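Visitor: Position 253 of the sequence shown, counting from 1, maps to 253 under our numbering, and the rest follow consecutively.
No lab work stands behind these hints: they were computed from the structure.
Any given hint could be a false lead.
Claimed, not checked - Derived pair list, reagent style DSS-like, types lysine-lysine, alpha-carbon separation capped at 27 Å:
id, residue 1, residue 2
1, Lys152, Lys176
2, Lys116, Lys215
3, Lys274, Lys302
4, Lys240, Lys215
5, Lys213, Lys240
6, Lys264, Lys302
7, Lys329, Lys215
8, Lys326, Lys274
9, Lys213, Lys264
10, Lys52, Lys116
11, Lys215, Lys294
12, Lys215, Lys321
For clarity, every value in this text was computed on a predicted model and none was experimentally measured.
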Amino acid sequence: VGDSLAVYPTNDPELVDEIIRTLGATGDEQVPRQKGEPTTLREALLRDYSVKQPTPKFLKAIAQRASAAPTLGYLLAPDRKQDLETYLWGMEVIDFLVEHPSVRFTPSEFVGLLTKLQPRLYSVASSLRAYPDQVHFIVDVVIYESNGRLRKGVCSSFLAERADDVPVPVFPSVAKHFHLPEDPNTPIIMVGPGTGVAPFRAYLQERQVAGAKGKNWLFFGAQHESCDFAYGDEFTAYLKQGLLARLDCAWSRDQAQKVYVQHKMTENAAEIWKWIDAEGAHFFVCGDARRMAKDVDGTLRKIVQEQGGKTVEQANEYVEKLKSDKRYKRDVY
1 VGDSLAVYPT NDPELVDEII RTLGATGDEQ VPRQKGEPTT LREALLRDYS VKQPTPKFLK
61 AIAQRASAAP TLGYLLAPDR KQDLETYLWG MEVIDFLVEH PSVRFTPSEF VGLLTKLQPR
121 LYSVASSLRA YPDQVHFIVD VVIYESNGRL RKGVCSSFLA ERADDVPVPV FPSVAKHFHL
181 PEDPNTPIIM VGPGTGVAPF RAYLQERQVA GAKGKNWLFF GAQHESCDFA YGDEFTAYLK
241 QGLLARLDCA WSRDQAQKVY VQHKMTENAA EIWKWIDAEG AHFFVCGDAR RMAKDVDGTL
301 RKIVQEQGGK TVEQANEYVE KLKSDKRYKR DVY
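Turn these sequences into a full structure, and let the hints guide you.
Guide: Have a look at this one:
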């Protein structure tokens, strides 16, 4: 448990067909692949190339060929990186092709401006000891509207809309530093809002099957309890059974004031400190790296400082020691 599964998706066929039409192509043209023999444009766009995220090469080609794209050329300057990111938010390859119909690429030129379609990693949400013939994971389907166009996540929409009808290529991705403690009596604290809870479901299943005696504490967070509590019935049952000693949930949109997992940590600062310092608990975090993991890390350091009566420097040294002792483990993305 603690490992991930890499899924190789295919691109949305409707989006691929629109790109082919916008290029003025038929889809039957032969184009080079990232690996292997040439194939048709349609097959290459479906399986080989990333057709959503504009690459620097693609943007530069648009800026050079489109007289109506002076803004883009300006934003491609090295010192405008942040402005370019803001401009590109919600923009995809198809948007530029539609917006600049005078720009023409041959099929081979076009695929040469794209990058390889990459697999997506999903944390495994099940224990092989509990489900020897299955692998579970949580998929948060990405779908939103931007600039008058419906946008879909490449892999999440593939799994939600098409995976029942086609083979799904996968391979395991082993996590070297995100496994349960070797001693089954060791307490663990798990912070996993949203899809970040996936590996902790596997942890709990593993400990239940193994009869591990170590205490388990889960912090979960999402927007709404009524519709976002992934595996909520299971975790509630684990709490009643005693497999979970503690279950603390943060619902950010169920009240006027937003509440996140770090706020729940602060509310339980003394108990967290007791588990970590006196009882030797391991501390796990999984999920969003950009905000959540940083906020949780800052909160943990503050708890160590205030509950442990330490200076900022001493608290930081303590947390870094937790890391080096492999008692503070993160799987963030």
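Visitor: Give a verdict on every hint.
Guide: We went through each hint and held it up to the structure:
Between Lys152 and Lys176 the alpha-carbon distance is near 32 Å, which puts this suggested pair outside the 27 Å criterion. For the proposed pair Lys116 and Lys215, the alpha carbon gap of about 44 Å is over 27 Å, so the pair is violated. Proximity of Lys274 to Lys302 is assessed by CA-CA distance (about 14 Å); at most 27 Å being required, the pair is judged to hold. With a C-alpha separation of about 14 Å, the suggested pairing of Lys240 with Lys215 holds against the 27 Å cut-off.
A threshold of 27 Å between alpha carbons decides the hint, and for Lys213 with Lys240 the separation of about 16 Å falls inside it, so the pair holds. Restraint check for Lys264 and Lys302: satisfied, since their Cα atoms lie roughly 13 Å apart, inside the 27 Å limit. A threshold of 27 Å between alpha carbons decides the hint, and for Lys329 with Lys215 the separation of about 17 Å falls inside it, so the pair holds. For the hint pairing Lys326 with Lys274, the CA-to-CA distance comes to about 18 Å; that is within 27 Å, so the pair holds.
For a cut-off of 27 Å, the pair hint linking Lys213 to Lys264 stands: about 25 Å separates their Cα positions. Under the criterion of a C-alpha separation no larger than 27 Å, the hint pairing Lys52 with Lys116 is consistent with the structure, at around 11 Å. Restraint check for Lys215 and Lys294: the C-alpha separation of about 25 Å stays at or below 27 Å, so the hint holds. Restraint check: the Cα-Cα separation between Lys215 and Lys321 comes to about 22 Å, which is no more than 27 Å; the hinted pair holds.
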